[in-house]
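Q: Residues per chain are reported as follows:
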Amino acid sequence: MILVWMIGILLVGGIACWLVAQRNTFVCRWIALIAVITAFLIPVGWYVQHQPVIVAGDNWLVHFQADWIPAFGISFHLAMDGLSFIMLLLTFLLGVLAVLCSWNEIREKTGFYFFNLLWTLAGIAGVFVAMDLFLFYFFWEVMLVPMYFLIAIWGDFNRRYAAYKFFIFTQTGGLLMLLSILALYFIHGQQSGGNYTFDYFALLNTTMVGATARWIMLGFLIAFVIKLPMVPLHNWLPDAHSEAPTAGSLILAGLLLKTGAYGIIRFVLPLFPQASFDVAWFAMLVGVVGIVYGALLAFAQTDLKRLIAYTSVSHMGFVLLGVFAFREIALQGVVMQLLTHGVSTGALFVLAGMLKERLHTRDINQMGGLWTAMPRMGGIAMVFVMASLGLPFLGSFIAEFLILMGAFPVSPVLTIIASGGLVLSALYSLRIVQKVFLGQAQTVGEPPRDLSAREWVIMASLTAAIIFLGLYPQPVLDMVRNVIGEMVVRR
Amino acid sequence: MDQLLAYIPAFPLLGFLILSLFGRNLPKQLIGVIGAGTVCIAALITIVVGIAFLQTTPEGGAFSQLLWSWFRVGNLSIDISLRVDALTLVFIFIITFVGALIHIYSAFFMWHDRDYARFFASMNLFVCAMLLLVMADNLVLMYLGWEGVGLCSYLLIGFWYEVPSNCRAANKAFLITRIGDTALLIGLFLLFQELGTLNIPGILQRAPDYFASGSSNIELITILLLVGGMGKSAQMPLQTWLPDAMAGPSPVSALIHAATMVTAGVYLIARMHVLFQLSPVTMAIVAIIGAITLLVAGCSALVQTDIKRILAYSTISQIGYMFLALGIGAWSAAIFHFFTHAFFKALLFLAAGVVIEALHHEHNIFMMGGLRKRMPVVFFTFLAGAAALSALPLVSAGFFSKDAILWYSWSAANGNSFLWLIALAGAFITALYSTRLMLVVFWGEMKTPIHEQPAQGMVIPLIVLAFFSVAAGFIEWPHNMVHLTLFSDHVQKVLPETVMKQGLPSEYLFQAIAAFMTFAGVYMGYMMYYGKPGVRWQQSPGLSATREFLFSGWKFDQLYQFLFVKPFVFITRINKSDVIDRMYNGIAQASLRLNSWFSISQNGSLRLYIVGVLAGILFIITLQLLL
Amino acid sequence: MVLLVATVLFTLGLIGVLTRKNVVFMLISVEIMLNAAGLAFVAAGSRWEQPDGQVMFLFILAMAAAEVSVGLALVLQIYHQHKTLDVENLKELKD
Amino acid sequence: MSTLFYISSLVAIASTIMVITRYHPVHALLFLAVSFLSVGMIFLSLGAPFVAALEVIVYAGAIIVLFIFVVMMLNLGRETAQQEKEWLKPKVWVVPSILVLILLAEMTILLFQGPDQAMQVSVVDPRKVALSLYGEYIIAVELTGFLLMAGIVGAAHIGKHQRKELHRFLQNGEEEKARQLREPESVTNEQTVLHD
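First to last, the sequence lines map onto chains H, S, G and X.
Just so we're aligned, residue 1 is where the first sequence starts under my numbering, counting upward by one.
Just so we're aligned, residue 1 is where the second sequence starts under my numbering, counting upward by one.
Just so we're aligned, residue 1 is where the third sequence starts under my numbering, counting upward by one.
Just so we're aligned, residue 1 is where the fourth sequence starts under my numbering, counting upward by one.
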């Protein structure tokens with residue numbers, strides 16, 4: 001039931017924001033903030049209550065099922081296991097920060113903005129807990145459309161182009177997934193003698209022959225790797241990230257990309273164990289290509305947000321590499337990577353947003369020497385740049401270390417190339433620091449302000465999160481151990 | 001005693017946290033006290049631990065403390081736990097003790113700097129990371145320290161970030177060491193795959209049973225570890241970052257780029273000695289790399305004009321000696337050289353810092369001169385350091401350690417005359433450039449007026465370090481002189497004894513030759529630079545090309561620039577806007593083009609539409625008729 | 001035979017739609033075509049002795065009535081706005 | 001096949017040809033009425049009296065009347081006839097007519113390809129039609145109801161005499177054109193006033 005509450009609060013909060021904003025935008029902001037914080041507190045409170053049970057108990061921690069359209073075997077089936085729980089926490093944490101960082105940034109159509117923001121969050125949360133494939137598709141779209149509006153209305157100069165591109169890419173993937181879902185639905189229905197259902201757990205038992213399984217699997221996989229994004233399909237990402245408003249970038253980088261990885265772990269691997277194993281070497285190869293290619297492109301960019309966007313491409317390559325290594329260590333690393341990348345890249349985007357707010361540019365050639373004026377921001381930026389290049393004691397290192405460690409026995413050559421990506425990541429990460437914070441201070445106008453209290457709260461919580469994940473990742477690893485373990489066994 | 005270990009890195013960490021969070025609001029005095037004080041406390045604890053260790057060797061030869069379990073996944077289990085054995089003890093002593101002296105020195109040296117707090121925060125973090133590196137119980141935690149010192153090195157080289165060249169130097173240092181680090185990381189993966197553990201005692205215990213000596217896997221692992229060590233320790237061919245790293249403040253050069261961080265490679269190899277002993281090829285490579293490096297860097301040091309760059313090249317060269325010693329299996333000699341080198345090189349850098357500060361940030365030695373009378377304390381301490389560097393027999397610590405390496409390079413089982421000759425040539429060159437440095441800086445006439453005398457707080461560390469530069473050697477004498485081998489006895493609780501050849505000539509002969517070479521170097525330097533500082537030598541046209549070549553560090557920078565940097569930048573530049581993106585835009589363009597074609601037919605003429613419909617019907621019916 | 005008549009009527013209607021330029025005439029021709037289609041339906045119904053053909057005719061009738069009312073309303077508007085009923089002059093879709 | 005059928009067919013075709021060749025709209029409408037009536041006769045001969053009645057009432061009655069109303073409202077008279085005469089040059093109608101005739105030929109061929117059976121005429125009485133209409137076709141009837149409703153509402157809405165309004169997509173740049181169109185319009189109004 002808590003799952004329904006979490007999503008419901010966001011949906012209702014979104015509508016309330018929209019309605020209230022006609023009268024008073026200030027109240028609207030507070031409603032949004034309170035809604036997200038409540039949604040955040042629900043799983044936290046639940047965790048505090050049930051903590052001893054989690055480690056010992058079975059995989060599925062919370063179940064909720066209600067009929068939706070029984071005629072077509074569609075039910076409103078939500079369930080949460082360790083993986084979902086982790087992703088939900090990330091979602092709401094970043095959700096709170098997203099609301100906070102759009103506090104002053106958004107001045108037009110505030111109500112509609114927060115409506116879209118909360119609905120996107122609700123969609124993402126839904127994606128992480130939906131256990132009915134139809135419902136999953138539904139939430140998949142719920143998170144897509146408001147995001148489109150966020151980019152298209154409150155974006156930057158080139159927002160239309162970016163929003164279209166984002167929409168077309170993701171929608172193409174989404175439709176392919178819908179086709180696959182339907183195919184799976186019918187195949188399962190025929191096999192089980194007319195018991196047509198979209199339920200995840202029922203569909204798990206579908207048996208398919210090689211070619212069929214491969215095509216259906218590809219439908220899912222393509223949808224997810226577009227979101228991830230995998231290299232030849234990554235082009236929506238730099239545009240969408242760089243044009244979206246700060247909170248939009250935060251959610252895009254921190255959460256939307258994660259839904260792709262989550263989908264692969266939740267659906268592709270368990271539903272099509274053999275078929276996904278067949279494409280594994282290719283997926284790993286593409287992942288490694290993504291690591292290197294993303295890093296090369298990131299190094300060349302002069303637009304700060306674009307640069308960070310390409311670093312996401314590079315980091316998500318690790319996810320692909322790790323997932324298709326089919327090793328427990330690597331999969332645990334992938335989950336860590338989802339978390340830490342969400343936090344660290346999200347933080348970098350927030351920083352870029354703050355810089356843009358102050359300097360009105362995203363061009364790193366026009367920045368420089370900002371450390372003098374903003375030592376606090378510089379320090380924080382240093383932390384996250386270091387996280388992005390995988391410095392130990394920050395969470396990203398654990399993630400990348402585990403992924404590489406897990407993938408190494410499977411494919412030493414690819415892992416070594418991927419490790420080479422670490423050197424490249426140092427290149428682009430240091431470039432950020434050097435171009436933005438180091439060097440001679442630009443003496444145009446008065447120096448920009450350092451962090452305000454609100455921004456300080458945002459950055460401090462992200463910093464605390466990334467350091468905690470780096471020094472004590474064990475709770476996360478314990479949380480997903482059963483899930484991952486079962487997946488490895490299944491293969 | 002075990003419970004005390006965590007406090008050694010914890011105090012510098014505490015200093016870092018206080019200074020980085022609240023540093024801006026604290027008064028400068030307090031910052032200095034916190035910055036230096038935390039390291040001093042760490043040094044005191046280290047001494048307490050050390051005394052306890054020496055009195056009663058703990059069970060298993062090491063103190064160890066488990067702090068918390070870092071992460072456990074599958075069969076991989078990594079703890080945050082510390083371990084201090086005899087080898088680590090030497091390192092943490094140097095790190096905290098020399099570190100404390102340097103911190104005290106910096107409290108005065110950096111007094112006028114705007115970012116006083118940031119400096120001490122970074123320095124404290126460095127000490128903490130370095131301590132973790134050497135105290136780590138497993139290789140992942142060691143890697144944490146390894147990267148942590150890299151970060152601090154980066155932050156401190158680029159401390160004066162407003163000068164672009166400093167930032168470039170910092171980036172270069174970070175990147176080149178990063179290449180080594182990545183190799184190290186891959187080595188860890190391979191090691192884990194083979195042995196199933198990353199615990200240092202576990203590895204050392206299992207390796208001899210698991211690996212056949214000289215098998216390809218162990219060679220590969222050790223080579224990867226070696227590359228990691230080469231990156232950090234600035235050995236060929238990854239040495240180019242260290243001279244540029246001198247862009248940082250002098251105490252930084254002293255602490256990070258002379259005494260501690262750059263010897264991390266030495267520590268790694270010594271720590272993993274079991275693996276290296278199993279792989280003779282790698283051992284040979286280590287020795288050869290050390291030999292080449294010491295010669296190449298020594299030659300470059302001969303012609304540098306920047307006082308800190310001279311010392312930087314000399315550092316590379318001295319670490320080359322350590323690698324040489326490691327490669328021939330003279331483990332304790334290598335660690336002993338690290339021990340003495342830490343004192344005298346830190347001393348030299350600190351003294352150089354005083355000189356530079358006194359002369360208005362003048363780095364060029366040919367703009368100095370005549371400082372002997374004006375700054376006597378600095379002169380004498382510098383003299384002690386330079387004597388140790390050039391290994392003057394019996395009166396300097398450097399003699400005892402370097403002589404041991406020279407002796408083993410011939411007499412150890414893996415040694416040979418070739419390595420010995422190179423080491424001997426290196427000794428000659430070292431003496432030559434040390435003399436040059438001394439003569440040019442402290443003799444002759446003054447070219448730049450002295451701006452200020454060093455503060456008392458800066459002089460005391462110099463004197464302490466000078467004392468150790470002379471006296472530290474006396475705890476380990478050559479076998480043929482006094483039978484006092486405190487250091488190697490201590491270290492050999494962990495490290496194996498050096499295997500010697502049979503039927504060697506007398507050790508006296510080698511000592512005499514080494515001493516002769518040193519004096520020859522000093523004499524030649526005296527001939528060339530005394531009185532008229534190298535005018536003839538500098539301006540000889542035939543030599544100027546060679547001089548230019550050596551001055552630029554054997555053109556390694558240019559070579560890398562040409563081989564790696566330029567192609568990389570070129571590739572990234574041409575692909576800035578992403579080729580793949582063009583493909584998708586191509587699709588979009590094509591649809592637009594099609595749209596413009598088709599929209600011609602969409603012209604609003606109703607009758608044309610109907611004709612179109614009619615043509616369609618006709619077409620279908622004709623088909624029906626014909627088929 | 002009836003179908004032949006229906007076909008002829010249909011084609012005549014089509015000719016009318018194609019050749020006339022006046023919108024009113026075009027509408028008239030459309031009516032002829034609809035009528036011809038209805039004729040074909042009724043003929044088919046009568047051939048098989050089923051009521052369905054006539055039912056279909058009824059629907060066509062209703063549709064024709066609706067179509068002509070809307071169409072004529074449009075004609076009125078077009079005439080008011082453009083002062084012409086020439087389809088060649090009514091190409092507003094062109095860009 | 002009865003003689004009635006042949007005669008009424010011939011009349012229908014002839015009057016339809018007249019419809020599409022008339023220049024004057026009222027003439028055309030008169031011939032259209034004849035055409036409808038003769039089609040009604042065909043229905044009778046096919047044994048469908050109910051439909052025949054409807055044909056007369058709805059087509060020949062209601063629809064023709066609608067047309068005539070419009071023609072009267074728009075004042076389409078001799079001028080229109082003149083215009084039509086000018087427009088209907090052979091080069092305008094020859095090509096479409098040939099196309100359509102080809103179509104006719106093809107359809108005829110298709111018609112006669114099948115097994116040629118003599119048409120048996122049998123009466124389908126209105127009762128059967130009504131039963132089936134409100135039996136199996138009830139949904140279609142309701143839909144037709146919607147359609148008629150929509151037609152009425154649509155016609156009422158469109159037919160409202162309203163000011164010219166452009167769609168917002170067309171507004172840019174169309175303002176100018178609209179103004180240009182409106183100016184000669186006022187002139188013609190004056191002229192008509194003068195003529196009257």
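Do not rely on the hints blindly, as some may be mistaken.
To be verified - Here's a subset of chain G near chain S, in silico, CB distances under 10 Å, partners left out: (1) Met1; (2) Leu4; (3) Val8; (4) Lys21; (5) Val23; (6) Met26; (7) Glu67; (8) Val70.
What the hints assert, rightly or not - Dumping the calculated DSS-like pairs for lysine-lysine here, alpha-carbon to alpha-carbon at most 30 Å: (9) S:Lys576 with S:Lys566; (10) X:Lys89 with G:Lys83; (11) H:Lys109 with H:Lys356; (12) S:Lys566 with H:Lys435; (13) X:Lys160 with G:Lys83; (14) S:Lys373 with S:Lys447; (15) S:Lys555 with S:Lys566; (16) S:Lys447 with H:Lys356; (17) H:Lys356 with H:Lys435; (18) X:Lys85 with G:Lys83; (19) H:Lys435 with S:Lys447; (20) H:Lys435 with S:Lys555; (21) G:Lys83 with X:Lys128.
As the list claims (entries may be wrong) - Over the 12 Å line for every Cβ pair with chain G, so calculated as not near, a few chain S residues: (22) Ser20; (23) Phe93; (24) Thr448; (25) Ile475; (26) Ser605; (27) Ile617.
These are calculated hints, taken from the structure and not from any lab test.
Note that this is a predicted model, so its numbers are computed, not measured.
Even for Gly, the Cβ is constructed at its ideal location relative to N, Cα and C.
Q: Could you tell me which of the numbered hints above are not met by this structure, giving the numbers in increasing order?
A: Hints 1, 2, 3, 7, 8, 16, 19, 21, 26, 27 not satisfied by this model.
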